[in-house]
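Put the complex together from the two separate chains, hints included.
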Amino acid sequence: MDASSDAGPAPDAVPQPGAAAPLLALIVDDNAVNRSVTGHMLRKIGWESVQVESGAYALRELQARRFDLMLLDLRMQGMDGEETCRRVRDELGLAKLTIVAYTAHGMEDDRERILAAGFDRLLIKPIFLDDLRALCQDLDGGLRRAAPAAGRPSPAGSAG
Amino acid sequence: MNQLADAILATRLREVWILLPAIEQQGELCDRLAERGWTVTRRCATMAELLSALHGGGATPELLLTGVRLPDGDAFELIRRLAAQRHRPAIFFITRQQRAVVKAAISLCAHYGLPVAGQDEAPLRIERVLHQIDLFRLRQRRPGGLLPAPAALGIAELESYVLQGGVRAYLQPKLRIPGGQVVGFESLMRAIDPDGSIIHPISLIEPLAAAGLLPAATLQMFAQTVAFLSECLGDGIAVGASVNVPLSLVSDRQFCECIVDTVERAGLDPSWLTVEITESEAMSDLGEVIENTSRIRMYGFNLSIDDFGTAYSSFTQLTKIPFSELKIERSFISGIESDKSKQAVVAACALLGRRLGLNVVAEGIETLSELSAVLDAGCGEIQGYLVSRPMAAAHALAWIRSLDDQRYSLPDVAQLRAWSPAV
Chain A
1 MDASSDAGPA PDAVPQPGAA APLLALIVDD NAVNRSVTGH MLRKIGWESV QVESGAYALR
61 ELQARRFDLM LLDLRMQGMD GEETCRRVRD ELGLAKLTIV AYTAHGMEDD RERILAAGFD
121 RLLIKPIFLD DLRALCQDLD GGLRRAAPAA GRPSPAGSAG
Chain B
1001 MNQLADAILA TRLREVWILL PAIEQQGELC DRLAERGWTV TRRCATMAEL LSALHGGGAT
1061 PELLLTGVRL PDGDAFELIR RLAAQRHRPA IFFITRQQRA VVKAAISLCA HYGLPVAGQD
1121 EAPLRIERVL HQIDLFRLRQ RRPGGLLPAP AALGIAELES YVLQGGVRAY LQPKLRIPGG
1181 QVVGFESLMR AIDPDGSIIH PISLIEPLAA AGLLPAATLQ MFAQTVAFLS ECLGDGIAVG
1241 ASVNVPLSLV SDRQFCECIV DTVERAGLDP SWLTVEITES EAMSDLGEVI ENTSRIRMYG
1301 FNLSIDDFGT AYSSFTQLTK IPFSELKIER SFISGIESDK SKQAVVAACA LLGRRLGLNV
1361 VAEGIETLSE LSAVLDAGCG EIQGYLVSRP MAAAHALAWI RSLDDQRYSL PDVAQLRAWS
1421 PAV
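Listed in order, the protein sequences are those of chains A and B. Numbering of the first sequence is given in the working numbering, commencing with residue 1 and proceeding in unit increments. Numbering of the second sequence is given in the working numbering, commencing with residue 1001 and proceeding in unit increments.
Don't take every hint at face value.
Here are the simulated lysine to aspartate or glutamate pairs, EDC-like style, with alpha carbons at most 20 Å apart [unchecked claim]:
(1) Lys44(A) - Asp138(A)
(2) Lys96(A) - Glu83(A)
(3) Lys96(A) - Asp138(A)
(4) Lys1320(B) - Glu1337(B)
(5) Lys96(A) - Asp109(A)
(6) Lys96(A) - Asp120(A)
(7) Lys1320(B) - Glu1366(B)
(8) Lys44(A) - Asp1405(B)
(9) Lys1320(B) - Asp109(A)
(10) Lys44(A) - Asp140(A)
(11) Lys44(A) - Glu1276(B)
(12) Lys1320(B) - Asp110(A)
(13) Lys44(A) - Glu1077(B)
(14) Lys1103(B) - Glu1077(B)
If you are wondering where the hints come from, they were derived from the structure by calculation, not from laboratory data.
Isolated chain B, as found in the complex (with noise of 0.2 Å):
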């Protein structure tokens, strides 16, 4: 009995719907899935009767095969009706539509948090689907269930790391392009666990704010940021680092003095540090905003906008806020040596950044031809696993001092040319 209930778990776990018009070579896409686990447990010929056996209870698909153009509907209303349920599969598109309406499938797809497993043309061609599932699978089981989830995290912990020291800055390079140059880090929040694992800011920040400790762990960033700082340039090495401080606490009188002061007594001059705040925060209350930015800048600190281009950028925000750094959401640079939309959004960014003065920083650069595209797109700075992950203080000074004439080396431009999607 155990077994066999095992075996429904198991197969139940990788249930596979299929709503598309008849499809040739359907018996043998149900053995090629077969052979890799899943399987075909139900076909559906139209939208209100995926969705009638899905709110039948019971049936809990991981995958569902749809087109774009359904009798019924469409895969639009589908992925609005899906993102209602309790029960969400990923979805793989195969259709004939252009490029255009299946990316704004996937980008709704995104928008409502519902995995998309792949697409494809029709007609089906097995071998290319079955290996976008398989990628799908390998990627769903890259960690990211390593990190304990956010209500794991109690108050007296969340305390005891807070005042116990246990907040740490960690250090991500900033670069300059095509150069090379490292001119700053990036102070991320990490917290270290009694039992020397790292807890990143994902489950960190938002329980932090709930309990009022954010401050507190934002000024000890500061100070540790401050302290790496002082460290470098007391070694004749001209980096900055940036901190990223929540608006509210920009708005913070004290707090704003706090930092000022933290900044006096290590007699660094503040332009070396930056205060970076997201661009969704940015929009709140425009009077306000400029008013507490305004004064970050008046004691001389630098100010970065992070994740520029992801919620409701507007550009009197942008012409009204004293920023002297324009940081690009890094949803833009993912992807984007093969992607025209991103190619064109992060050159405008770029653009529109160096014509206000800006920095404009690429942030989340993992591979060569992401650096050769936003090269080629105009960014001057650069930030990602390329060049490294963020490091512990004392790890981020070895690596800064182990460079050469304080220049990571990149691939020169025309290297990097070769690595440029055709045009």
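Okay, chain A solo, but in the shape it has when bound (with noise of 0.2 Å):
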């Protein structure tokens, strides 16, 4: 509408300088808006991320390279963020990688069931910057704290 007619690019922020390797995000959504917008929003916080639209295509991105998180819809045609979850876990072995939930309101009953699939935390749609840039915060701190250490808890050490 009338809206639309100065419509341009947002302005992405750049990787901070000086830090080191952005982490990876897996998305997995099969809304392509929503998936851009979290892509943009992981980029605003200093992340990279890989969108794909099912969780088949999940468990091939997975096998494929190494991840620091997975943001999974709960609610996808086809495979479903459960299912999907589990087979991450049992199939692909990666008992350490963070997998985080993302629903609709109103699953606070489901909550226990849902970590209970093997998924690290719950995160209410719609997903604002803010909550995005806290989940990020304590993974970075504890990502970036453990790798020149001890090496990172390998998440990607079981699927070759």
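Structure follows, in structure tokens:
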């Protein structure tokens, strides 16, 4: 509508100079707008991301490279979030990969079941910049601190 | 003759009546009021005298100075009986009664729609009373008469607004506190007159409903809001938006299908959108309301209860309707920093909302001291003129793009504390 005329690309944050190599997140969501917004937000926070639209693609990506975080939509067509998570843990053996579920509001009652499926955390949709920043800051500190010392608590080790 | 008539008319508009037990300094009060264009035209000893004088017709005082305990009754009875009058003066209370009693009298006036010019303790302190009366007159003069009366909008005009795209979504930002992150916009209905002036919802929504045009207008609002959201999200700006939907429409299957279709065609996850219903609506038949609101949630939208705390809230309703957000009625926010009851109500609403897992939003924040008080009360999000008035979509888009890190800069918590009223 009349609002669209002056639309332009949003300025993406540049990774901070002097920072270590950016951490990498895998975004799994069957909604393209959500994937792209989450990717934008992660870039502002200084993370890189790979975006895929299904659990099957997610499994393939996880076999191909090492990720520091997986953001997984629970309600997807085909393989849903819980099943994807189980397979990542069981079939790929990625026990240490941080997997965060995001889901509609009102799932608090299901929190236990969701966490039991192998998720580390639960975010309620819609997810805003501060939510992701808080999550990433937690992870970032842990991951970067762990890296130089005893080596990463290698999520990728078992993936080959 | 004409001059005389004008003079009388002018005096009539500024008449003051007094219903107070023998007040000292009465002469001085009359003189000082006269300097400001007020004329004390009647002093009554009793409520009965006052009411019969009003009944007598012709006399139309603009202001009444009264006590709370009266020789033949009390202010509460007086207020009720004044409310039944065609002509209702604004009331100024001068009393030695405890605060709670005076507040109750003021609340009763508000309930009946009687204007309150002010209140002060007896014995009379002229300066303080005059000051409040001056402020009252200033408030009266504020625009508000700027809007056309509802009746001024005919069906033809309304139809042209709705059919020719004259209905516009104006967007007011919603922020998390204390960080100031913009997390959403409330979409508010405005209409643009052919001459370019903006028509506010007060004069729009009821006539639209009466003309059966509210569904079409709400769908337009929804479509414009979705278009706005698509722009933001397409830019990587993560914000949601809410649309006010009358409960009658929420229960309309066809309407729900239309909004689902709008969102799907835009490729948006419905969780970016919130449907707001008002509390008074939420009170109609609970079974029906649960059915229809649950359907909204089933489609993936969020659901907000607007104006919480106004009408007939019940805890039952709040626990049985699948709300995701609670918006506290703005009258509890206005002046909260100096009103302990409001602080208590807002803190309780915030606690209740949080414990139920709801977003708690304080609407109508206009000052830093209100912001500080709602932060203290535990509200997680705010909306109001302090941040921004509702903006046209293009303007709102430019506004959010101009923000650094999607954050509106609010004073930090320590600074806000400095604004807090002493507890």
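Now the hints, each set against the structure:
no., hint, verdict
1, Lys44(A) - Asp138(A), "holds (16 Å)"
2, Lys96(A) - Glu83(A), "holds (17 Å)"
3, Lys96(A) - Asp138(A), "holds (15 Å)"
4, Lys1320(B) - Glu1337(B), "violated (32 Å)"
5, Lys96(A) - Asp109(A), "violated (25 Å)"
6, Lys96(A) - Asp120(A), "holds (10 Å)"
7, Lys1320(B) - Glu1366(B), "violated (33 Å)"
8, Lys44(A) - Asp1405(B), "holds (8 Å)"
9, Lys1320(B) - Asp109(A), "holds (15 Å)"
10, Lys44(A) - Asp140(A), "holds (14 Å)"
11, Lys44(A) - Glu1276(B), "violated (31 Å)"
12, Lys1320(B) - Asp110(A), "holds (18 Å)"
13, Lys44(A) - Glu1077(B), "violated (63 Å)"
14, Lys1103(B) - Glu1077(B), "holds (15 Å)"
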